[in-house]
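Enquirer: One-letter residues, chain by chain:
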Amino acid sequence: MSCLSVSFPSLLAAKDNKNNSILDGSYDPQSHSWGMGIMIDKCIGCGRCANACKMENNVPQLPFYFRTWVERYIIYEGGEVVVDSPNGGVDGFKRRIHDKKILRSFFVPKLCNQCDKPPCVQVCPTGATFRTKDGVTLVDSKYCIGCEYCIQACPYGARFLDPQTRVTEKCTFCYHRIIKNMPPACVEVCPTQARVFGDRKAHASPLVRFMRMNKILVLKPYLNTEPAVFYAGLDMEVR
Amino acid sequence: MKKILDIIPEQVKRLLIPVSILILSFILLRSFLIPPDFGKYGHYRASAVDEIAAKDIKYIGQEACEDCHDDVVAKKNMSYHRNVMCEVCHGPSAAHIEDPDGNKLSAPRERGYCPLCHEYIPARPTGFPQIVSESHNPMKACIACHDAHDPAPPEVPKECEACHAEIARTKAVSHHMEVSCTRCHETSEEHKVDPRNFRPSKPMTREFCGSCHAQKADASKELTRIDLATHGERYVCWQCHYPHLPESK
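Going line by line, the protein sequences match chains A and B. Using my numbering, the letters of the first sequence correspond one by one to residues 1 to 239. Using my numbering, the letters of the second sequence correspond one by one to residues 1 to 249.
What the hints contain is simulated information worked out from the structure, not anything from laboratory work. Mixed in with the good hints there might be a few duds.
To be verified - BS3-like mimics (lysine-lysine), calculated; alpha carbons at most 30 Å apart, straight line:
# : chain 1 : residue 1 : chain 2 : residue 2
1 : A       : 94        : B       : 3
2 : B       : 202       : A       : 42
3 : A       : 142       : B       : 58
4 : A       : 215       : B       : 202
What the hints assert, rightly or not - Far from chain B, by Cβ distances over 10 Å, these chain A residues were calculated:
#  : residue
5  : 26
6  : 47
7  : 87
8  : 102
9  : 127
10 : 130
11 : 140
12 : 141
13 : 146
14 : 162
15 : 182
16 : 185
17 : 206
18 : 232
19 : 236
The structure displayed is predicted, hence computed values, not measured ones. Just so it is clear, CB atoms sit at the ideal spot from N, CA and C, and this is done for glycine as well.
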């Protein structure tokens with residue numbers, strides 16, 4: 001079946017993409033394991049990540065279609081929790097009128113967790129969604145039949161059905177960028193460096209430093225999905 | 001060999017023909033329907049990875065901007081916006097690099113853009129510069145006073161609340177409304193231009209609060225009085241009380 005030892009050789013579409021490193025074989029997926037770190041304390045909720053993601057990946061500009069989005073958590077005195085994400089944060093957040101006192105409040109950027117054990121891949125009946133050797137879960141849009149099993153299986157709500165093409169779409173960690181040594185678009189534009197991207201296998205990378213310097217948590221650890229998106233300063237109320 | 005063939009019953013031999021046709025047609029159909037690179041790396045089409053990898057890049061990165069606009073980038077890199085990449089405000093620039101004259105970039109000049117980051121919202125981290133748009137020079141464009149590439153305030157803030165709006169609003173409705181910020185926080189002039197490296201002080205002794213609230217303090221009789229000797233002796237006052245809103249729990 002799979003030949004584990006070879007790197008990606010030249011495949012289809014090599015003609016019009018000569019600069020593409022994955023196509024000329026200079027990129028070896030085996031030697032990488034991509035991951036993202038998110039520092040809750042640095043996020044200002046400007047939503048530039050969600051905006052840049054839509055631009056970079058041609059995500060439909062309608063609400064409810066996001067590869068990454070920002071949620072605002074407001075925890076009132078007494079324990080009531082309110083979570084909102086107007087248009088995923090693409091247009092920024094407005095100040096809310098509160099009739100109760102806020103205990104704490106913060107923003108949580110979310111995206112596909114690129115799980116090491118992805119539930120979405122297990123349920124795909126056609127082999128259209130898969131996990132690459134470098135730890136990114138991708139969707140083959142030509143093979144996807146739009147059955148939406150994976151959308152239901154994802155415990156993080158990170159997938160959606162593209163309204164035009166009727167196939168599943170999701171965060172790819174900007175796969176077309178990271179193989180060329182560029183950070184994902186959301187990381188590129190984050191004005192406060194709340195998002196950190198890097199290679200978990202690397203000897204030194206921004207992510208390795210992030211994981212050394214912070215106490216980190218993942219979302220829904222009890223599901224054993226083993227996410228590759230790590231949060232520093234995550235609150236117990238975040239779901 | 002002939003013996004074996006004789007042993008096999010006639011009906012089984014006949015059945016073998018349609019079965020072998022079925023198997024053959026399955027193999028034929030499979031090789032026709034499933035692309036040759038399916039299963040090369042795993043249970044998926046190998047060329048799907050390359051199709052995704054071949055997508056266009058739109059955000060090209062600040063290094064590309066620096067090739068032509070080195071003066072602006074150098075100015076920005078010395079300012080508070082040093083970590084804000086050019087494309088955050090100017091938008092994806094890969095097309096502009098290809099054809100600088102054909103694909104001009106825009107810059108947000110309206111008043112609504114800067115508050116995306118700098119509007120006061122309680123969820124934003126403390127210390128991040130925030131303003132309340134309704135009261136911060138209404139109707140005036142941000143760039144009329146601030147240079148986005150070097151956004152230091154045009155004149156040093158006179159009042160603490162220019163940056164610490166959240167605390168100022170809380171204190172304004174508290175019993176401490178008459179107490180000025182500098183009464184408790186010794187603040188050097190440098191704090192106004194380099195806030196993170198010159199931090200204001202906090203009261204470090206119990207006697208500081210006691211100068212108003214101790215039993216024998218020389219202050220208005222209406223103030224809450226406590227006995228410093230017996231009241232929470234192991235702690236500095238602000239470890240339990242929130243001085244910007246002392247009546248809160």
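Enquirer: Taking the hints in turn, state whether each one holds.
Expert: How the hints compare with the structure:
1. Pair hint residue 94(A) plus residue 3(B) does not hold up; C-alpha atoms about 89 Å apart against a cutoff of 30 Å.
2. A hinted pair counts as satisfied when its Cα atoms are at most 30 Å apart, and residue 202(B) with residue 42(A) qualifies at roughly 24 Å.
3. For the hint linking residue 142(A) to residue 58(B), the alpha-carbon distance of about 23 Å falls within 30 Å, and the restraint holds.
4. Distance hint between residue 215(A) and residue 202(B) is fulfilled; the C-alpha atoms sit about 28 Å from each other, no more than 30 Å.
5. With a closest Cβ-Cβ approach of about 12 Å to chain B, residue 26(A) is found to remain outside the 10 Å limit, as its non-interface label requires.
6. Under the 10 Å C-beta cut-off, the non-interface status given to residue 47(A) relative to chain B is violated; the minimum distance is some 7 Å.
7. Every CB of chain B is more than 10 Å from the CB of residue 87(A) (nearest about 12 Å), matching its label as outside the interface.
8. Residue 102(A), annotated as away from the interface, has a beta carbon of chain B within 10 Å; the closest lies near 5 Å.
9. With a least beta-carbon separation of about 5 Å from chain B, residue 127(A) fails to lie farther than 10 Å from that chain, contradicting its non-interface assignment.
10. Listed as a non-interface residue, residue 130(A) fails to keep its Cβ farther than 10 Å from every Cβ of chain B; the least gap is roughly 4 Å.
11. Some Cβ of chain B comes within 10 Å of the Cβ of residue 140(A); the nearest lies about 4 Å off, and the non-interface call is violated.
12. Against the 10 Å criterion, residue 141(A) falls within the reach of chain B, whose nearest CB is about 8 Å from its own CB.
13. At roughly 16 Å from the closest C-beta of chain B, the C-beta of residue 146(A) stays outside 10 Å, upholding its exclusion from the interface.
14. With 10 Å as the threshold on Cβ separation, the claim that residue 162(A) sits away from chain B holds: the shortest Cβ distance comes to roughly 14 Å.
15. The non-interface label for residue 182(A) is inconsistent with chain B: the shortest C-beta to C-beta separation is roughly 6 Å, within 10 Å.
16. Under the 10 Å C-beta cut-off, the non-interface status given to residue 185(A) relative to chain B is violated; the minimum distance is some 5 Å.
17. No beta-carbon of chain B comes within 10 Å of the beta-carbon of residue 206(A); the shortest separation is about 13 Å.
18. Every CB of chain B is more than 10 Å from the CB of residue 232(A) (nearest about 13 Å), matching its label as outside the interface.
19. Every CB of chain B is more than 10 Å from the CB of residue 236(A) (nearest about 16 Å), matching its label as outside the interface.
The structure fails hints 1, 6, 8, 9, 10, 11, 12, 15, 16 (numbered hints given earlier, in ascending order).
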